[in-house]
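Read top to bottom, the protein sequences are chains A and B.
Each residue of the first sequence is one higher than the one before, counting from 1 in full-length UniProt numbering.
Each residue of the second sequence is one higher than the one before, counting from 1 in full-length UniProt numbering.
Read the hints as simulated data drawn from the structure, not as lab findings.
Treat the hints with caution; some may be incorrect.
Chain copies aren't distinguished; within one or between two, either way the pair holds.
Calculated lysine-lysine pairs in the BS3-like style (CA-CA distance at most 27 Å, straight line) [what the hints assert, rightly or not]: (1) K35 <-> K73; (2) K466 <-> K8; (3) K136 <-> K147; (4) K147 <-> K369; (5) K147 <-> K23; (6) K147 <-> K8; (7) K384 <-> K147; (8) K369 <-> K136; (9) K59 <-> K147; (10) K164 <-> K66; (11) K136 <-> K11; (12) K147 <-> K11; (13) K136 <-> K164; (14) K369 <-> K59; (15) K382 <-> K8; (16) K466 <-> K82; (17) K245 <-> K339.
There are 2 protein chains.
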Amino acid sequence: MYKFESIKLDKNHPQHLYVQLYKMIKELILLGHLKEADRLPPVRAMSKMLEINNVTVVKAYEILEKEGLVYKKIGSGTYISKQLINQLNEVDQESKQQTNIRSQLMEQGHIKVEKNMINFASATPSADLFPVEDFKQVLNEVLDRDKGYAFDYQEGQGYYQLRKILKDYIFHYGIKSEVENIQIISGAQQGIDIISKALVNYGDYVLIESPSYTGAMAAFNSRGAKMIDIPLQKDGLDLDILEKKIKTHKPRFIYVMPNFQNPTGISYSPGKKKELLKICKNYNMYIVEDDYLSDLNFYSEDNTTLKKLDEDELVIYIKSFSKIFMPGLRLGFLVIPSKLHENLLMAKHTTDISTSGLLQRAFELYLDKGIWQQHLKYMEDKYKERFVVMKESIKEYFPEYISYSLPLGGVNFWFKLPKGFSSKELYERSVVKNIIFAPGNLFFMNNNDEGYFRLSIAAVNPSEIKYGIKILSIVIREYIDKRRDQRNDSLIKPIL
Amino acid sequence: MYKFESIKLDKNHPQHLYVQLYKMIKELILLGHLKEADRLPPVRAMSKMLEINNVTVVKAYEILEKEGLVYKKIGSGTYISKQLINQLNEVDQESKQQTNIRSQLMEQGHIKVEKNMINFASATPSADLFPVEDFKQVLNEVLDRDKGYAFDYQEGQGYYQLRKILKDYIFHYGIKSEVENIQIISGAQQGIDIISKALVNYGDYVLIESPSYTGAMAAFNSRGAKMIDIPLQKDGLDLDILEKKIKTHKPRFIYVMPNFQNPTGISYSPGKKKELLKICKNYNMYIVEDDYLSDLNFYSEDNTTLKKLDEDELVIYIKSFSKIFMPGLRLGFLVIPSKLHENLLMAKHTTDISTSGLLQRAFELYLDKGIWQQHLKYMEDKYKERFVVMKESIKEYFPEYISYSLPLGGVNFWFKLPKGFSSKELYERSVVKNIIFAPGNLFFMNNNDEGYFRLSIAAVNPSEIKYGIKILSIVIREYIDKRRDQRNDSLIKPIL
Numbered sequence: 001m002y003k004f005e006s007i008k009l010d011k012n013h014p015q016h017l018y019v020q021l022y023k024m025i026k027e028l029i030l031l032g033h034l035k036e037a038d039r040l041p042p043v044r045a046m047s048k049m050l051e052i053n054n055v056t057v058v059k060a061y062e063i064l065e066k067e068g069l070v071y072k073k074i075g076s077g078t079y080i081s082k083q084l085i086n087q088l089n090e091v092d093q094e095s096k097q098q099t100n101i102r103s104q105l106m107e108q109g110h111i112k113v114e115k116n117m118i119n120f121a122s123a124t125p126s127a128d129l130f131p132v133e134d135f136k137q138v139l140n141e142v143l144d145r146d147k148g149y150a151f152d153y154q155e156g157q158g159y160y161q162l163r164k165i166l167k168d169y170i171f172h173y174g175i176k177s178e179v180e181n182i183q184i185i186s187g188a189q190q191g192i193d194i195i196s197k198a199l200v201n202y203g204d205y206v207l208i209e210s211p212s213y214t215g216a217m218a219a220f221n222s223r224g225a226k227m228i229d230i231p232l233q234k235d236g237l238d239l240d241i242l243e244k245k246i247k248t249h250k251p252r253f254i255y256v257m258p259n260f261q262n263p264t265g266i267s268y269s270p271g272k273k274k275e276l277l278k279i280c281k282n283y284n285m286y287i288v289e290d291d292y293l294s295d296l297n298f299y300s301e302d303n304t305t306l307k308k309l310d311e312d313e314l315v316i317y318i319k320s321f322s323k324i325f326m327p328g329l330r331l332g333f334l335v336i337p338s339k340l341h342e343n344l345l346m347a348k349h350t351t352d353i354s355t356s357g358l359l360q361r362a363f364e365l366y367l368d369k370g371i372w373q374q375h376l377k378y379m380e381d382k383y384k385e386r387f388v389v390m391k392e393s394i395k396e397y398f399p400e401y402i403s404y405s406l407p408l409g410g411v412n413f414w415f416k417l418p419k420g421f422s423s424k425e426l427y428e429r430s431v432v433k434n435i436i437f438a439p440g441n442l443f444f445m446n447n448n449d450e451g452y453f454r455l456s457i458a459a460v461n462p463s464e465i466k467y468g469i470k471i472l473s474i475v476i477r478e479y480i481d482k483r484r485d486q487r488n489d490s491l492i493k494p495i496l
Numbered sequence: 001m002y003k004f005e006s007i008k009l010d011k012n013h014p015q016h017l018y019v020q021l022y023k024m025i026k027e028l029i030l031l032g033h034l035k036e037a038d039r040l041p042p043v044r045a046m047s048k049m050l051e052i053n054n055v056t057v058v059k060a061y062e063i064l065e066k067e068g069l070v071y072k073k074i075g076s077g078t079y080i081s082k083q084l085i086n087q088l089n090e091v092d093q094e095s096k097q098q099t100n101i102r103s104q105l106m107e108q109g110h111i112k113v114e115k116n117m118i119n120f121a122s123a124t125p126s127a128d129l130f131p132v133e134d135f136k137q138v139l140n141e142v143l144d145r146d147k148g149y150a151f152d153y154q155e156g157q158g159y160y161q162l163r164k165i166l167k168d169y170i171f172h173y174g175i176k177s178e179v180e181n182i183q184i185i186s187g188a189q190q191g192i193d194i195i196s197k198a199l200v201n202y203g204d205y206v207l208i209e210s211p212s213y214t215g216a217m218a219a220f221n222s223r224g225a226k227m228i229d230i231p232l233q234k235d236g237l238d239l240d241i242l243e244k245k246i247k248t249h250k251p252r253f254i255y256v257m258p259n260f261q262n263p264t265g266i267s268y269s270p271g272k273k274k275e276l277l278k279i280c281k282n283y284n285m286y287i288v289e290d291d292y293l294s295d296l297n298f299y300s301e302d303n304t305t306l307k308k309l310d311e312d313e314l315v316i317y318i319k320s321f322s323k324i325f326m327p328g329l330r331l332g333f334l335v336i337p338s339k340l341h342e343n344l345l346m347a348k349h350t351t352d353i354s355t356s357g358l359l360q361r362a363f364e365l366y367l368d369k370g371i372w373q374q375h376l377k378y379m380e381d382k383y384k385e386r387f388v389v390m391k392e393s394i395k396e397y398f399p400e401y402i403s404y405s406l407p408l409g410g411v412n413f414w415f416k417l418p419k420g421f422s423s424k425e426l427y428e429r430s431v432v433k434n435i436i437f438a439p440g441n442l443f444f445m446n447n448n449d450e451g452y453f454r455l456s457i458a459a460v461n462p463s464e465i466k467y468g469i470k471i472l473s474i475v476i477r478e479y480i481d482k483r484r485d486q487r488n489d490s491l492i493k494p495i496l
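Let the sequences and hints guide you as you build the complete structure.
Pasting the structure below:
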């Protein structure tokens, strides 16, 4: 039983106990602590040890068996299967239907995740981190309080009380705003979409960082915008190139993520933030700041937003709660310059009239009760733990020829393969080992594969990170070392 | 007390008892059963009569007082105020902020509704009709069942189980579809938006009915489409003009509402439905069918959808649940031709990635438990009652020079003032009497005011309908008869 002593179940955790148990045993298998033909403890012994119901253990074992991770011998017990990784890539009914569009989704930066994959591709948190019980409570309170009104159309600009409390919320981050400058949106992607509708006409120029967020590029592209990408340096945008492009193309705005940028993890230096604002003021150009993660600051001394520094109402600020809250809620907000208020409201109306009133009301109560602050702290701790394990695993396992610079916060790590190697090919080799990540070409306007790739730690727990980086390192070595050997062979051996 | 005998409270109703009581007393005032200086029963007498708590009565009286409908005399009692209508147009804090954009919203077909207005402008149901308790129950069940997964990103195409049950649902309406041809959307407006993104490029032609739904025109316009409007006749589109326009402009699609059209209430004849499909097949052109209300059929012998008749995968079918369910949920679906599946999914992704998973899961359970069918029946009864009261009130009160043809179902009634009179001016005169409706110019591409106006019965209860039509008739007579008198005066009197 000693191998199973590390299993600890949390009865207060939102996840069912049998799911917790299933996941922990699976981890033991993935990490190699349980090997082929090892026997799982009998149901009764396991349930006694963990002080849980027999049925809970049976259910956990059943899922493991269904996934082919274990098999039963009648009258003898439950054993670990062999050929683990190959058996893991079973797809569910839904994804079977959709495999034909996987490649196209990839082009838009959307990767089909199948069951049992270690998912370094997703930059949104795993379901087990969601504050389900708390949110259930506020939902019920709202329904009891507001009855049918909770289901009515909400003001296009958003539920007034929510905008009011958000005003106070951002004030803590140094952003001063009036209630009427806040526009509720159904997630950050919608924010980008309605900003495009309000500001971009067919053929207008828009500036982006290079590399940038795929979803934003798709939205600008869909509006018929002409995009110009400005290279990122270690401390932010290349401002010389920026200024040249502004002069020649008179773009409508620049779209940036100045803290823990996606995908690179780069943070702008305080100097570059100020300089960027100054340049945009000189040329009277708007800045769209996508603040998707500035809260998750671990080591940076400066995670100031541009909006905080914005004295001239140049910044359109997008804030999503997806990364640290619940992506499925589809909730976020904009802080907008007064001038643009009406245009953006019109664009919102054309897009979906209004965001779900029920969810807005529930989220308002969630903020009002201070549960948000607790959850934020909890998520910071969780992410920090993952961040540290990630750093250590990279150091321990990754070959030295993989180049990267560590971010100071956020969830994204950005790497580069040696020259001449393809991150798409690495992806194809990893996916069959059930490890997925985001190939770098997705984040470049020209879609070029220059060997970059992004690993996110949002949807993977610490042991998955460790195991995943270990396996990925093997895949990298198999891909690169062998190829190099062959090249060396071809150089050296002909004369033999 | 005899005047108050009609008050009946429903303890099982989702609305709070004090709100019910407040509304009923207000109705008595609006209908003229309670007049200036009439005294309300003392709190104890009222609570005893209705078998409710004193506090409930106090709360109801407080709201009435706050709204200026009644006033208190210390030591004497609570009395009905005078100058009712003028005192009713107090605006709340939120709308004060937004008055400056009212005119612009009007241009987009969005009318600012203030408290205490009789709202013939809204085509969505009032909050008290929402099945709050039932929905609360399924929400809780989903949260207990799915935990954090309920808050995760959903498949862009929509929650699989929901799409599956919707497939069966539309089968009852004669529409055959595969699960993969169903795309979940955050309401019908988003459906129109993503169809535009998938199919319309800058400068493309799109056909619409004349008049048509304002939100659709705004979405097409936002895409840079060139719209051509095809006149509606009593039995549907003018097909001769349609065919000519198809030949000359090769449009991307035509956007239609063949049953109880918005705003006119017109239903296409079975012959015209078939003919429309035939023409579109000949020219290989898509039809976007916005089925916003075909369920609410009261007197029509044919509410067949075009999608049901569609044998060639030409129809993109939009179905919203807003009109008969809960607008605040922001939920609907598309049934799409297989060819367009991937394009639409990409457009959905660019727009908001996915629709709230929590709401999708809850709605799936709601359908699965059969509560939907009960609610649909309930709403049909409610709307039919309103429909009948509307018909009768129009006959009783409207001057004979207002022309209209009655719809056979749905919630919209379409009228025309005599030649030379303006529906915008009628609107300005009505709004000060706290009656609002949708002026007809909103529904025409050229925004011309030719005296049309739309009254919807979705957000008004039977006594509001009766009272509202009565007052509106007075406003109409004041506007038109006086003007006519003046004209007659100017013709007749000079010789005196």
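Checked hints:
Taking the shortest alpha-carbon separations for K35 and K73, only the intra-copy value of 16 Å comes in at or below 27 Å, while the best inter-copy value is 85 Å. Proximity of K466 to K8 under the C-alpha cut-off of 27 Å is restricted to the intra-copy arrangement: shortest distance 19 Å within a copy versus 66 Å between copies. In the homo-oligomer, the alpha carbons of K136 and K147 lie at most 27 Å apart both inside one protomer (16 Å) and across protomers (10 Å), since each shortest distance falls under that limit. Taking the closest pair of Cα atoms, K147 and K369 come within 27 Å of each other both inside a single copy (20 Å) and across two copies (21 Å).
In this assembly of identical chains, K147 and K23 lie within 27 Å of each other by CA distance solely across copies; the values are 15 Å between and 39 Å within a copy. Taking identical chains as interchangeable, the C-alpha atoms of K147 and K8 lie at most 27 Å apart only when they sit on different chains, with a minimum of 20 Å there against 41 Å within one chain. In the homo-oligomer, the alpha carbons of K384 and K147 lie at most 27 Å apart only across protomers (24 Å), although the nearest pairing inside one protomer, at 40 Å, exceeds that limit. For the identical chains of this complex, K369 and K136 are neighbours both inside a copy (14 Å) and across copies (21 Å), given an alpha-carbon limit of 27 Å.
In this assembly of identical chains, K59 and K147 lie within 27 Å of each other by CA distance solely across copies; the values are 17 Å between and 38 Å within a copy. In this assembly of identical chains, the alpha carbons of K164 and K66 lie at most 27 Å apart only when taken from different copies (23 Å versus 49 Å within one copy). Taking the shortest alpha-carbon separations for K136 and K11, both the intra-copy value of 17 Å and the inter-copy value of 25 Å come in at or below 27 Å. Proximity of K147 and K11 under a CA criterion of 27 Å is satisfied inter-copy only: 14 Å between copies versus 32 Å inside one chain copy.
In the homo-oligomer, the alpha carbons of K136 and K164 lie at most 27 Å apart both inside one protomer (22 Å) and across protomers (26 Å), since each shortest distance falls under that limit. For a Cα distance limit of 27 Å, the shortest separation of K369 from K59 across copies, 26 Å, qualifies, whereas the shortest one inside one copy, 37 Å, does not. In the homo-oligomer, the alpha carbons of K382 and K8 lie at most 27 Å apart inside one protomer (17 Å), although the nearest pairing across protomers, at 55 Å, exceeds that limit. Proximity of K466 to K82 under the C-alpha cut-off of 27 Å is restricted to the intra-copy arrangement: shortest distance 21 Å within a copy versus 76 Å between copies.
Taking the shortest alpha-carbon separations for K245 and K339, only the intra-copy value of 25 Å comes in at or below 27 Å, while the best inter-copy value is 40 Å.
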